[in-house]
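Chains as they are written, first to last, in this note's numbering: chain A, 192 to 523; chain B, 192 to 523; chain C, 192 to 523; chain D, 192 to 523.
Do not take every clue at face value.
The list treats identical chains as one, so a pair stands whether inside a single copy or across any two.
[As the list claims (entries may be wrong)] Straight-line distance between alpha carbons at most 20 Å, and here's what the computed DMTMM-like set of lysine to aspartate or glutamate pairs gives:
| id | residue 1 | residue 2 |
| --- | --- | --- |
| 1 | LYS489 | GLU503 |
| 2 | LYS430 | GLU401 |
| 3 | LYS337 | GLU292 |
| 4 | LYS222 | ASP203 |
| 5 | LYS249 | GLU445 |
| 6 | LYS213 | GLU330 |
| 7 | LYS492 | ASP250 |
| 8 | LYS492 | GLU401 |
| 9 | LYS489 | GLU293 |
| 10 | LYS430 | ASP250 |
| 11 | LYS430 | GLU445 |
| 12 | LYS492 | GLU293 |
| 13 | LYS430 | GLU258 |
| 14 | LYS244 | GLU207 |
| 15 | LYS387 | ASP219 |
| 16 | LYS521 | ASP276 |
These are calculated hints, taken from the structure and not from any lab test.
The lines below spell out each chain.
Protein chains: 4
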Amino acid sequence: MIIELKASVSVDQAKELAQSNKAFHIVDQEKNILITSSGLREVPDALESVTEKFWTFKDDIQLASREYREQTREVTIGSVTIGGDTNNTLLIGGPCSVESEEQIRQSAELIKSLGLTALRGGCYKPRTSPYSFQGLGLEGLQLLAKMREEYGLTVVTEARDATHIDEIIEYSDVIQIGAKAMYDQGILRASSKSNKPVLLKRGFGSTLQETVQAAEFILSGGNSNVVICERGLRTFETKTRFTLDLCGVSYLKEYTNLPVILDPSHAMGFAYGVPDLARACVAMGIDGLLIETHPNPKVAKSDASQQLTHEEFTALYESLQPVAQAVGRKMI
Amino acid sequence: MIIELKASVSVDQAKELAQSNKAFHIVDQEKNILITSSGLREVPDALESVTEKFWTFKDDIQLASREYREQTREVTIGSVTIGGDTNNTLLIGGPCSVESEEQIRQSAELIKSLGLTALRGGCYKPRTSPYSFQGLGLEGLQLLAKMREEYGLTVVTEARDATHIDEIIEYSDVIQIGAKAMYDQGILRASSKSNKPVLLKRGFGSTLQETVQAAEFILSGGNSNVVICERGLRTFETKTRFTLDLCGVSYLKEYTNLPVILDPSHAMGFAYGVPDLARACVAMGIDGLLIETHPNPKVAKSDASQQLTHEEFTALYESLQPVAQAVGRKMI
Amino acid sequence: MIIELKASVSVDQAKELAQSNKAFHIVDQEKNILITSSGLREVPDALESVTEKFWTFKDDIQLASREYREQTREVTIGSVTIGGDTNNTLLIGGPCSVESEEQIRQSAELIKSLGLTALRGGCYKPRTSPYSFQGLGLEGLQLLAKMREEYGLTVVTEARDATHIDEIIEYSDVIQIGAKAMYDQGILRASSKSNKPVLLKRGFGSTLQETVQAAEFILSGGNSNVVICERGLRTFETKTRFTLDLCGVSYLKEYTNLPVILDPSHAMGFAYGVPDLARACVAMGIDGLLIETHPNPKVAKSDASQQLTHEEFTALYESLQPVAQAVGRKMI
Amino acid sequence: MIIELKASVSVDQAKELAQSNKAFHIVDQEKNILITSSGLREVPDALESVTEKFWTFKDDIQLASREYREQTREVTIGSVTIGGDTNNTLLIGGPCSVESEEQIRQSAELIKSLGLTALRGGCYKPRTSPYSFQGLGLEGLQLLAKMREEYGLTVVTEARDATHIDEIIEYSDVIQIGAKAMYDQGILRASSKSNKPVLLKRGFGSTLQETVQAAEFILSGGNSNVVICERGLRTFETKTRFTLDLCGVSYLKEYTNLPVILDPSHAMGFAYGVPDLARACVAMGIDGLLIETHPNPKVAKSDASQQLTHEEFTALYESLQPVAQAVGRKMI
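With the sequences and hints as input, model every part of the structure.
Dropping the structure here:
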């Protein structure tokens, strides 16, 4: 249940009421909001006199629901705002991993030259084998920060586990939570205490319900800037790496107020399919796109098969504009 | 292995060679073609002198492969040709089931009024319960034939099992093989002996490999007019009915020569998501789209939740044109 | 809804009532039974005066439910009865495919020598490629019939599609419906008109609900001798061929009255895992086991990797007895 | 590649060689072992003279493979050793969550009274909703420690994320890594630096390959005491909570040297199926079993539906002994 308290209630009073009623407290659009389990169906007696408005829910998708907020949340990522009534579709490009200054600089120059604003690159790689390249870690974060400074770009990089979440919050403009870390409460709770936008990737074995509930961890902790990223489900099909779930995107758009970004590169796992899929994603009317591109994919230290060359990325970007336009949106 | 015989070999001789070498024989683009298991890697001695050209394959995707035929097959469905270099995207619309003459006539008028050509409607419904509406059977087929005659439309309806495949071949302009019947060799073999276009739906639990191999049953039997239809996989996600596999569509486009038609209605299972998904499908650059629409979805005898109203269908059709154009294709 | 008619109602009257109420009619344990969709929640006025008893259901699992019949059905397969209070676990062994008289004779001798009664062997193989061995067809059925005659064995073989279901019903002691044919209404409806026991395999992409509903097609058509066979689901795991669903077996045992037979050979896909899995199956307290064994698995024309040698099969059989005993059952 | 260094090489020298060759170094069974990526197929020149023996692998399952160690690892959990040639099957019982001293004491008394040794109970619960009971945290760990002291039991509890892994290592006798945390490198790396046994649960969306590779993180970090726990996969089937993968258990037993423990409670999600499944698990010849039991399941704060009553648990334990005996093992 979500309870909006009367305007006469102060933040401190609201916090006390939250504690005494075992509820979460946030300030949302300048209102004091308490959130309890959806199992609670009636306003507790103790709160009745201070309740302005309340919402009940059939399950624990509450703050993220369209019942609570009809319009998609506005989330600002660097210089670009998505969601709300912006109709912006943000294109975030860059390599799977930050590998060296030379490599990430080439990527930064590509992004900059296309008039785009957002550069991605992994530093803590969630590899499934201990014997593979694990990412440059802090050194990679510092390289990204350098690119931000030199090229004026927004940088996006991923937290692998809770041991370095503070570094990610410090260095990255967006807290990206990887698919394998979607349930990581160490990361979710730390993200909820930051104001930075959070790009929460759906786990490949996670239901939509669980994914939105992971967002609820962040929202109920006080950070309202959450974006969901669909990046493919693990299914029985093995010709492609994962199965991009656009039906799920329809669900998210219909029932939740969270902006949605899509990552066709990880879903497909092969560069050949990424352009068609990226155009399909944009035609869905989504809020953003995450595309892997590498100056020389053949020598990439991770995900070599799925990264576009800079030429392919450029051609893709150009082809996305008319598709975006056809559905009333703007690639940015 | 596929072997193209020399032009000097007659059809009768080719048939004899096929039999003595336990191979399939077809005439494809006016050439005599023998097909054996892909396990065979070298031309048998007995065939060496009559072999013009041959192809070996790593698995049993042979006639359907781009190695054998580089260009997508041209398949003519009524008055419209898809595949080849046509850039046509055929929109097939109509109700889940043919329920009555009045109902299917309304659907036929909708299709006609929009300048479209293809009307779908199920007569033998592959219901999972014996206690549900099972379709009108032959009576439904006769109603579809009536609509074809009165409105000049192409009609598309599905074979549920081999007991009525002859009726389907007789009455329908397209032999639609349902997802639950994809492995049905009674249907596949009968279809391979017809010249009618075959719309082969991928089973919701079937791999791409199996789906294309099901097409090989039809192709190797002599019918070259096969179109694959992706309609969603069964995954762990339950908020939507199935999960439309656009990654798989990328694979089919890259590696096979079969035109691809998509059915977002069955994948999604809910009308609300169909328009976004249909636009995504068209942006993939596909050859056709199957959309369920009903004069009054609320009273539909099957799949009530996923059928668009005629108004929604009309609006969708209009919105598809600019998307098609943006990717160099034409909705028809 | 299931309605048991009063004893005073004749079979002919019951049939008329079924027709006028759009219900199925069967005679079950000497009672006239009508079955309608589970959507019907109240006895129709026209039937009230002739109704002895009725059951309502939340979904279309009706005749197969434990609410309707508390005890597991007794089904007799050759000389062995399973289900009821027999505590028998029937072991059915034999090769994937009947390949030759010599081969199937060796299998028959193995089964006979162990004191077992049931011999399996496929004749119409549901191969996914047209270029693989497709089974001996009618010739295979005749070989099985010969083994029955010479060795006094029960023979079990599978219908691939509806075109040869009459042959299967004629030649086989059990109508086996393969996993890929589970939805095939041509087969289901023909089976429902026979009295022979039906071994209905769950499709690898089919839910428990759908599987039991497929059984309802047979039960509601008048054949009460239905056994479910679980043989593995298709999941994302690729190290094994399928994933045997023993949780699903728990569900079937709890909620349905159908005997359950398990097929660990197809689930695992590799001989090395079959003995452990077979022991696990027996410890579940099931009604039967289907194990593939071949005189010389290395040269088998289908499923070579998963068939046990005759020595392995013999050793397995011996190890199953104490497990069966430990859970109060008898291997037979 | 795994390289066993000659006995003449000291630990310090081995560490230097590891560093200069970018390899992991561990001391395993008193030998200095270096481990590199499996991509390395030949011993580097610099190591040739100090190499006693080496193993190459087709993928990154190395230390966990049967090629490296033929026999299953012996792992000691409290007073019980599993694996090796012990034939022990350890039964670990207790509630889903530690809820209060009174509740966990009742559970401890049950375990003690049956002559068992291992008590489970969650303190940091990986709930998918922020609005559910999240566990008692440190207070729960302290209650478990009290039970250990008072009843002489081994206690087993789970790390949810890396922020409290040190607490788990301090308080628990076994470091349990939950299914949702299987990829958590913060937890994996910390566990690898401890000597405590690690119970690594397979993620419900994780392949066997990934699961064993997660174990490699721990093994290559120096902790050789890793046990894999299979607890069910997420599949399309919704009648049961998950699908227990016993085919996967066959794979683990055949190809890896890690003891295997099974958790049928989480797989099934319903108490009714747990006894049959537990017996099936034991018949597989596994090393341990994790069963949830609660003094009063109806009021349990988490997983109420799947916990056995103490009476059911006792009855189950008694029924497991003859099954274990039938396959040459001992429940303990």
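Against the structure, the hints come out as follows:
1. Taking the shortest alpha-carbon separations for LYS489 and GLU503, only the intra-copy value of 14 Å comes in at or below 20 Å, while the best inter-copy value is 46 Å.
2. Taking identical chains as interchangeable, the C-alpha atoms of LYS430 and GLU401 lie at most 20 Å apart only when they sit on different chains, with a minimum of 11 Å there against 27 Å within one chain.
3. For the identical chains of this complex, LYS337 and GLU292 are intra-copy neighbours only, at 9 Å inside a copy versus 53 Å across copies, given an alpha-carbon limit of 20 Å.
4. Taking the shortest alpha-carbon separations for LYS222 and ASP203, only the intra-copy value of 13 Å comes in at or below 20 Å, while the best inter-copy value is 62 Å.
5. Proximity of LYS249 and GLU445 under a CA criterion of 20 Å is satisfied intra-copy only: 16 Å inside one chain copy versus 29 Å between copies.
6. In this homomeric assembly, LYS213 and GLU330 come within 20 Å of each other (Cα to Cα) only across copies, at 18 Å, whereas the closest approach inside a single copy is 42 Å.
7. Taking the shortest Cα distances, LYS492 and ASP250 sit within 20 Å of each other only across copies (17 Å), while inside one copy they are farther apart (42 Å).
8. For the identical chains of this complex, LYS492 and GLU401 are inter-copy neighbours only, at 19 Å across copies versus 32 Å inside a copy, given an alpha-carbon limit of 20 Å.
9. With identical chains, the CA atoms of LYS489 and GLU293 are at most 20 Å apart within one copy only, with a shortest distance of 16 Å there and 55 Å across copies.
10. Taking the shortest Cα distances, LYS430 and ASP250 sit within 20 Å of each other only across copies (13 Å), while inside one copy they are farther apart (36 Å).
11. For the homomeric pair LYS430 and GLU445, the shortest alpha-carbon distance between copies (12 Å) is at most 20 Å, but the shortest distance inside one copy (30 Å) is not.
12. For the homomeric pair LYS492 and GLU293, the shortest alpha-carbon distance inside one copy (14 Å) is at most 20 Å, but the shortest distance between copies (54 Å) is not.
13. For the homomeric pair LYS430 and GLU258, the shortest alpha-carbon distance between copies (17 Å) is at most 20 Å, but the shortest distance inside one copy (39 Å) is not.
14. Within a single copy, LYS244 and GLU207 get their C-alpha atoms as close as 19 Å, which meets the 20 Å cut-off; across copies the closest is 60 Å, which misses it.
15. When the C-alpha separation of LYS387 and ASP219 is checked against a cutoff of 20 Å, the pair qualifies only within one copy, where the shortest distance is 15 Å, while the shortest distance between copies is 45 Å.
16. With identical chains, the CA atoms of LYS521 and ASP276 are at most 20 Å apart within one copy only, with a shortest distance of 12 Å there and 30 Å across copies.
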